[in-house]
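Visitor: Under the working numbering, the residue at position 109 of the sequence shown is numbered 273, and the numbers go up by one with no gaps.
It is possible that some hints are incorrect.
Unchecked claim - Quick list of in silico lysine-lysine cross-link-like pairs, PhoX-like style, CA-CA up to 20 Å: (1) K301 - K344; (2) K290 - K344; (3) K344 - K275; (4) K292 - K330; (5) K330 - K290; (6) K172 - K275; (7) K398 - K416; (8) K275 - K292; (9) K398 - K301; (10) K416 - K301.
Don't read these hints as lab results, they were simulated from the structure.
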Amino acid sequence: MFIDFSIKDLIDILLVAYLLYQTYRLMKDSGSINIFTGILVFIGIWLIVSQVLEMKLLGSIFDKLVSVGVLALIILFQDELRRFLVTLGSHKRLGSFFRFLTGNKQEKTEKADIMPIVLACMSMSKGKVGALVVIEKSMSLNDIIRTGEIINANVNQRLIENIFFKNSPLHDGAMIIRHKRIEAAGCILPVSHDLNIPKELGLRHRAAMGVSQETDALAIIVSEETGGISVAYKGQFHLRLTAEELERILTKEE
Numbered sequence: 165m166f167i168d169f170s171i172k173d174l175i176d177i178l179l180v181a182y183l184l185y186q187t188y189r190l191m192k193d194s195g196s197i198n199i200f201t202g203i204l205v206f207i208g209i210w211l212i213v214s215q216v217l218e219m220k221l222l223g224s225i226f227d228k229l230v231s232v233g234v235l236a237l238i239i240l241f242q243d244e245l246r247r248f249l250v251t252l253g254s255h256k257r258l259g260s261f262f263r264f265l266t267g268n269k270q271e272k273t274e275k276a277d278i279m280p281i282v283l284a285c286m287s288m289s290k291g292k293v294g295a296l297v298v299i300e301k302s303m304s305l306n307d308i309i310r311t312g313e314i315i316n317a318n319v320n321q322r323l324i325e326n327i328f329f330k331n332s333p334l335h336d337g338a339m340i341i342r343h344k345r346i347e348a349a350g351c352i353l354p355v356s357h358d359l360n361i362p363k364e365l366g367l368r369h370r371a372a373m374g375v376s377q378e379t380d381a382l383a384i385i386v387s388e389e390t391g392g393i394s395v396a397y398k399g400q401f402h403l404r405l406t407a408e409e410l411e412r413i414l415t416k417e418e
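Please put together the full structure from these sequences, using the hints given.
Guide: Encoded structure:
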């Protein structure tokens, strides 16, 4: 007896394996790996009860739990699903494809556009002045901008340093840069509760991680305690950066 196995079946198996792997990574990064394992165990028991043992009563109960459980999982993991869709939508090739369809062109970043940011961060790093600068990408940050004060000014090194000066009323919030302009300052960011974030990193780092997880924005942090410069992007930290490394990341990711 031969099994009818085609290329389409192989592609089907590979796609399912890829989805399971990506789900595993998503759960692991969010600290929900135990829940993911429990879900797999539940699905295994459900298949054995309904398909192998063919227990009708218990199988029907499991069927009802599965149908309701899908909606419950969507509610439970809404942040993780949002992060997955953000990651998918911000992929370079997909982004280029959608920009081609919509006719929108990505702004080209020149060295002159990012140097005021780099120089301001280096200056604040030397003086151990805390700062949090968020650069908007394809996803709108309007909701975050509304929480701060509108600036609407050209990106300028001295302006950035003045906003984050310790006696400035806006120094505790985040600065939002959109379309090569300082759009707002003193903005409130969503704080990440990821348990994998090192304990030595403070609230600014958690806020930067939060906005990088919920959007495709890039966040630059200057530590008030150490003066270290870090970047949070796509849910990942780049710590203890030099001026050259910061410039390279900004040029590359823009």
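Visitor: Which hint numbers doesn't this structure obey?
Guide: 2, 6, 8
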